[in-house]
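All chains should be modelled from the sequences, with the hints used to inform the complete structure.
Protein sequences, first through last, are from chains A and B.
The first sequence begins at 6 in the numbering used here and counts up one residue at a time.
The second sequence begins at 15 in the numbering used here and counts up one residue at a time.
Calculated directly from the structure, the hints in this document are not laboratory data.
Note that the structure is a prediction, hence the values are computed from the model and not measured.
Note that CB positions come from ideal geometry on N, CA and C, so glycine has one too.
Once the Cα atoms are required to be at most 20 Å apart in a straight line, the calculated EDC-like pairs of lysine to aspartate or glutamate come out as: (1) A/Lys114 x B/Glu334; (2) A/Lys113 x B/Glu334; (3) B/Lys271 x B/Asp230; (4) B/Lys110 x A/Glu120.
Selected chain A positions facing chain B (in silico; Cβ < 10 Å): (5) Met55; (6) Cys61; (7) Leu64; (8) Thr116.
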Amino acid sequence: MTHSMAQPMIQLLAEGGVTAPSLPLIHATLFVSVVLFSIGMIGFLTRRNMIMMFLCTELMLQAACLAFVAFGRLHMDVSGQVMVIFVLTVAAAEAALALGLVVLLYRKKETLSSEAWSELREDVK
Amino acid sequence: MTPYALYAAGLIGAIGLYLLMRPSDTPGGTQTRILGTLIGLAGVAFMFVEVLSRASAYTLSDGSPLSTAFGGMPVPSVILGMAAIAAATRMVTHQKPVYAALYFILVVVSTAGLFLTLQAEFMAFALIIVYAGAILITYMFVLMLAHQSPSSPDIGSGWGGDVEGGTRYDRVPREPFVAVLIGFGVLASLSHAYFVDNAQLQVKPSDAAVATANADLWHSLETMPRRLKAEVKRVVPDMVGEPIAVDGQLIQVRDGKATVRVMVGDQPRDVTLPDTAQPTNTQEVGLALVSSFPASLELASVILLMAMFGAVVLARKQIEIGEDERRDAAGMRRLSVEDPEMVRDAARGGRS
Chain A
6 MTHSMAQPMI QLLAEGGVTA PSLPLIHATL FVSVVLFSIG MIGFLTRRNM IMMFLCTELM
66 LQAACLAFVA FGRLHMDVSG QVMVIFVLTV AAAEAALALG LVVLLYRKKE TLSSEAWSEL
126 REDVK
Chain B
15 MTPYALYAAG LIGAIGLYLL MRPSDTPGGT QTRILGTLIG LAGVAFMFVE VLSRASAYTL
75 SDGSPLSTAF GGMPVPSVIL GMAAIAAATR MVTHQKPVYA ALYFILVVVS TAGLFLTLQA
135 EFMAFALIIV YAGAILITYM FVLMLAHQSP SSPDIGSGWG GDVEGGTRYD RVPREPFVAV
195 LIGFGVLASL SHAYFVDNAQ LQVKPSDAAV ATANADLWHS LETMPRRLKA EVKRVVPDMV
255 GEPIAVDGQL IQVRDGKATV RVMVGDQPRD VTLPDTAQPT NTQEVGLALV SSFPASLELA
315 SVILLMAMFG AVVLARKQIE IGEDERRDAA GMRRLSVEDP EMVRDAARGG RS
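Structure, rendered in structure tokens:
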């Protein structure tokens, strides 16, 4: 018991060197990642604004990044963090292209509502 | 321990989010939103407690409980996680897109804080710089660019003429019940996959695994010869030449301590490196990026290049090339319709 009391309650930064991960820390982070992903998905389904829909996919990407880093910490492997770099790359490319498309669509119909383009779907009989 | 408490807490959170999605300008909307905030907060807090109690209930291989072995609960993670979840909820339910984008920046900052607790310092600051600094600014630009004019038919229709409240499609969510149901399904199945019967997440890495990871980190210093030499020189200023390999390795790791053999005068000597000589997180990430994932790095650059081309092509103003412009380019006379005499000439099929 004295051993556990000697450890600091709040330890934000490690002193260096590889240490074993704390399982409650990993679980808490994974839980946040799960909730962020679900909220992002709900947002993608409910928002009608095209820009907001893309922003919600960015939220889901954030959740995935968090899970990558948490699992990397669990296995004491830096590859998880390298994956986040690639996710950032894809997110930046996606933002540039998707926003360019949104601006084009906005010029055509003067609205950001995704339902303005619902005629693109197949006829429902 | 049954996982039903976890799902029940998730359901409470989902109900809270559903109530939060009611537009505030419907009758009783504000009260519904306040109620939704409280219920959602309770649900998320309940889930947090459930996850953490499950995590600390796992025991080590020698039977001692984890919570005493790891010095208590991850307090910073819980605070940052709650901030991230609250900001994400506000982002999804906010009626003005610009504010929603600002709340997303709050999510990014909280996530960066969580990265810090996971010892990913480089990624934490890269996330803030790239996401909050670059990507979100692009979003803000487009939101401002596509701002709805007050005369737009989208404004003010629906409930009341509250122009300040934003456009109708931002105020009224689409199919909130179905969406929350699907979101709850995702939440429950992901929670099940992570927190129920997941052997990988219940076993703390062994001391041997930690020692191996530590030794790997020390050995990665061998790929940075200049830094290695500088670190050795800091301990032994009068070293001669380069570090000498023993059994094909420049660095020997024993009991977490790294030693390097160097020549001092004409005698070989084993020098123990200080802990500060270990590669930092940034060096680790950089090394892994170029040594383990070189092909992915090249592909990422191709993706960025293609995105740049695509953005330029999309943003370019489309110029209609009509018959007149084509005739100009070919050095021919225009078939202008502005001159009535020429139209008559053209109709007669005459030359002029």
